[in-house]
Amino acid sequence: MDRSKLERRLRTSGVLVLAGLGVELATLFSSHPTAFLLFIFPGSVLLLIGIVIFLLSLLTAGETTKPQ
Amino acid sequence: MVTWTSLIVAIIVISIVLVSLIVVRPSITVGKGGKILAFVSLLVFPALSGGAGMSEHMERSKRTEFCLSCHTMTDHGKSLHVDDPSFLAAAHYQNNRVPRDQACFTCHRDYTMFGDFKAKLRGLRHVYVQYLGKVPDKIELYSPYNNRECLHCHQGARSFEEGATHNAEPGRLEQIKVNNLSCNSAGCHETVHGIDKLSDAKFWNEVREDGPK
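If you read the protein sequences in the order shown, they are chains A and B.
Position 9 of the first sequence, counting from 1, maps to 9 under my numbering, and the rest follow consecutively.
Position 183 of the second sequence, counting from 1, maps to 183 under my numbering, and the rest follow consecutively.
These are calculated hints, taken from the structure and not from any lab test.
Please read these numbers as outputs of a predicted model, since none were measured by experiment.
The beta-carbon is built from N, C-alpha and C at its ideal position, and this holds for glycine as well.
A hint or two may mislead.
What the hints assert, rightly or not - Chain A is faced by these chain B residues, among others (derived, beta-carbon under 10 Å):
| id | residue |
| --- | --- |
| 1 | I22 |
| 2 | L43 |
| 3 | E56 |
| 4 | Y131 |
| 5 | H189 |
To be verified - The list that follows gives simulated cross-link-like pairs (lysine to any residue, SDA-like), each with its CA atoms no further than 20 Å apart:
| id | chain 1 | residue 1 | chain 2 | residue 2 |
| --- | --- | --- | --- | --- |
| 6 | B | K62 | B | Y128 |
| 7 | B | K35 | A | R3 |
| 8 | A | K5 | B | Y128 |
| 9 | B | K62 | A | F29 |
| 10 | A | K5 | A | L58 |
Next up, chain B with everything else stripped away, as it sits in the complex (with noise of 0.2 Å):
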């Protein structure tokens, strides 16, 4: 099967192969032919790579494996498995209300090398702090975390909507919904990566087509 990666692949090889005729032999560019491979090979199917390689870039930086990749995160990694229904990310993964494959970046869209451009320098900024910098012991958000995010899945949800705590008292739906009660918040769903709490936990098989993990 033909994947969006090998095309890539395939369109940088035939890219390296027409620039190395050039490189051989600039001289085939004295005739027409030679000077349209010329613009093809230096021009076209570099601009083209380049950018097919920028948007499969992009797109894995979406993926867990790829936030996951960084030893800091073991810990992060290791929550999603909590066998603790009181924990919020594990409870999103294991019962996928999150796809798997972007389970981070589904919930910290904001946190990421996307969306605005200050967004972008703060993801920048962890590969510094992860490489010239120095790793805080308890890693935390650089903002508090929005409702925003969560509410662009529950928003409208019956759950949500009619759930007995959340309508425990006149106003309180509202006041979560404009983001000045936090989801968060002590009592409600507090424990979220619970990293501290790791120690003491116990951990979920994840079970796989290809067997459990």
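Same shape as in the complex, but just chain A (with noise of 0.2 Å):
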């Protein structure tokens, strides 16, 4: 995989789990059924895409450092 496409790709982990934690940190701010429901959809929902797609990176990163 080349460089500018594993820098795509950690921008978009990034930006999900960015999303993730926003929505998380809002929630710990209300003690109410839906702010527990907003804490596991979207927020613990985007973390875990955004961190899934961080280790699918790091899974096709190798290819960037094989000899030609």
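Each of the two chains sits in its own frame; use the hints to bring them together as a complex.
In structure tokens, the structure reads:
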């Protein structure tokens, strides 16, 4: 995978994780079932997807260092 | 004073700062230090934040204010302040027989988002009904209240084991302990929240450290 593709994946992963963290932070200021549900969907879901994309980019990142 | 919540907020804020670095400048991951930063920012800290946040939310959902935050529970919240010792929930709440900040959870342990998988699904069902369904006019338990929840505290207590009514006839105490005779049977502790009697009830003004409520 070329460098630019890896960076795009890192950016995507980062944006998703940021969104998830933002939602989670907002829900911590409320004690209500809705806050709990928002924490799970979409908070944790965005976080998990972002982490998965990062891990996938790690799996394919090794190809950038392969000798030609 | 550093609270658990402020610690979690700090972890999330640090995670946000670190992830922002990667988003703004992904090229820093070329070097070894950048790779470690990416690993910590996009895996370690978010996982830590998610886990800590989940733990905090699970603890909050045990609290009385959490249960009473839905307007459907307004009458149940009021019933805790009825000035009548025959109202079981009120008598327990006002005399600190249950922790006031976890009054609902203490008695309704199997009715919350904790416990076994079925209990968790029931808890989610409440939220579904609240927002997408129709809340019934009379709120009732899905299944009869199990004496186990009472005996969790009362079993072994002198007032329970040696109470005159509990021993009025042979075998009654055993029947109660094996849940064959409900604590809430007619003639026993049948008024729990007494929602239908609230309109005629007198209420107690809760005294707190910061003054009467």
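Each hint, compared with the structure:
1. Interface restraint check: B/I22 against chain A, minimum CB-CB distance 5 Å, threshold 10 Å, status holds.
2. Checking B/L43 against chain A: minimum C-beta separation of about 6 Å stays under 10 Å; hint holds.
3. Interface restraint check for B/E56: the shortest CB-CB distance to chain A comes to about 7 Å, inside 10 Å, so the restraint holds.
4. Given the 10 Å rule on beta carbons, the hint for B/Y131 holds: about 8 Å separates it from the nearest Cβ of chain A.
5. Hint on B/H189 is violated. Least Cβ distance to chain A is approximately 29 Å, over the 10 Å limit.
6. Distance hint between B/K62 and B/Y128 is fulfilled; the C-alpha atoms sit about 19 Å from each other, no more than 20 Å.
7. Our distance criterion of 20 Å between C-alpha atoms is met by B/K35 and A/R3, whose separation comes to about 13 Å.
8. Proximity of A/K5 to B/Y128 is assessed by CA-CA distance (about 41 Å); at most 20 Å being required, the pair is judged violated.
9. Proximity of B/K62 to A/F29 is assessed by CA-CA distance (about 16 Å); at most 20 Å being required, the pair is judged to hold.
10. As the CA atoms of A/K5 and A/L58 are separated by approximately 12 Å, the hinted pair is consistent with the 20 Å bound.
Comparing the model with each earlier hint shows violations of hints 5, 8; every other hint is respected.
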